[in-house]
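Numbering follows our numbering, with no gaps: position 63 of the sequence shown is 101.
Calculated directly from the structure, the hints in this document are not laboratory data.
For glycine and all other residues, C-beta sits at the position ideal for the given N, C-alpha and C.
One should not assume that every hint holds.
Here are the computed distance ranges between Cβ atoms for each label pair [what the hints assert, rightly or not]: (1) R73 <-> R50: 34 to 44 angstroms; (2) G75 <-> Q103: 36 to 46 angstroms; (3) S42 <-> R93: 11 to 21 angstroms.
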Amino acid sequence: MELSQIRKKIVRGDLLIAGKMIGITRQNAKMALVRKGSKYHERVKAALIKIYASREALISESRNQ
């Protein structure tokens, strides 16, 4: 998933959760996402992709009930 696609899907709390998943603060997660050279950049992207996939699965599951 491209960085521009990730940014379009960010909602309140996503960076906080992503930060907790990899052991950094929300602000550090935000900066790591912006800085492609950061050692956490790829980990933050991966965490956000997992968050989005989980959210979409929960939404579709709830709609099907």
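Structure-based check of all given hints:
Hint check: R73 to R50, Cβ distance near 22 angstroms, so the stated range 34 to 44 angstroms is violated. Evaluation of the 36 to 46 angstroms hint for G75 and Q103 yields a pass: the beta carbon distance comes to about 44 angstroms. Between S42 and R93 the C-beta distance comes to about 19 angstroms, which sits within the given range of 11 to 21 angstroms.
In summary, the structure is inconsistent with hint 1 from the numbered list given earlier, while agreeing with all the others.
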